[in-house]
Amino acid sequence: DQQVKQNSPSLSVQEGRISILNCDYTNSMFDYFLWYKKYPAEGPTFLISISSIKDKNEDGRFTVFLNKSAKHLSLHIVPSQPGDSAVYFCAASPMYSGGGADGLTFGKGTHLIIQP
Amino acid sequence: SQTIHQWPATLVQPVGSPLSLECTVEGTSNPNLYWYRQAAGRGLQLLFYSVGIGQISSEVPQNLSASRPQDRQFILSSKKLLLSDSGFYLCAWSGGRRRLADTQYFGPGTRLTVL
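These protein sequence lines map, in sequence, to chains V and B. Each number in the working numbering comes from the position in the first sequence (counting from 1) with 16 added on. Each number in the working numbering comes from the position in the second sequence (counting from 1) with 792 added on.
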């Protein structure tokens with residue numbers, strides 16, 4: 017059972033426009049969420065995170081929105097740039113671990129393609 | 793600043809051969825350490841995590857094992873590789889906040905191909 021779902025395997029957006037990447041989760045214990053960007057043959061790079069006490073977090077061109085009732089989060093990139101072309105992973109975790117450091121549960125990723 | 797190293801970067805091994813992948817972290821002490829695997833066309837799957845020297849938790853039963861002989865060193869091993877072990881292996885670290893989730897930072901990864 018996939019607890020973190022990214023239903024769009026790929027997304028194509030024109031340069032300068034807004035990119036919106038979506039993520040849904042099913043585990044109600046998740047209350048800490050992260051977005052990572054990954055280029056081929058490289059490790060994921062952390063972009064932005066949000067905890068469930070907030071519904072929005074912004075960092076430069078990147079904004080993450082969290083809708084707890086819908087168990088949905090989204091990453092907005094404005095404006096989109098060619099260097100944003102990469103695979104974006106949504107990840108989730110409980111904020112408070114039961115006894116150790118929980119790993120992250122990842123979605124399968126969305127390949128964002130920025131077209132000139 | 794903190795950096796995380798993994799080696800080798802790529803590895804091609806025959807079925808049945810042993811495996812040893814190494815990960816080291818610099819610039820922090822007492823980190824939480826993780827091993828993930830990304831199989832072709834799939835997301836990242838947590839394999840092992842460690843909150844301290846000699847403390848290993850396994851998330852997925854398999855023929856892989858992990859060890860943490862030093863505070864900032866994490867090793868992924870296998871005695872006999874299977875074809876299904878092929879994938880992209882990623883090591884990650886986070887701050888040593890034992891019960892509180894924290895951002896995880898990833899290394900460059902190791903591409904393992906088992907033939």
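Hints listed in this document are in silico derivations from the structure and should not be mistaken for laboratory results. Please read all numbers here as calculations on a predicted model, not as lab measurements. You may find that some hints are simply not true.
Facing chain B, according to a computed beta carbon distance under 10 Å, are these residues of chain V, among others [said to hold, decoys possible]:
hint: 1; residue: Q18
hint: 2; residue: P25
hint: 3; residue: V29
hint: 4; residue: G32
hint: 5; residue: R33
hint: 6; residue: A57
hint: 7; residue: E58
hint: 8; residue: G119
hint: 9; residue: T121
Just so it is clear, CB atoms sit at the ideal spot from N, CA and C, and this is done for glycine as well.
Verification of the supplied hints:
no., hint, verdict
1, Q18, "holds (9 Å)"
2, P25, "holds (9 Å)"
3, V29, "violated (22 Å)"
4, G32, "violated (29 Å)"
5, R33, "violated (26 Å)"
6, A57, "holds (7 Å)"
7, E58, "holds (6 Å)"
8, G119, "holds (3 Å)"
9, T121, "holds (8 Å)"
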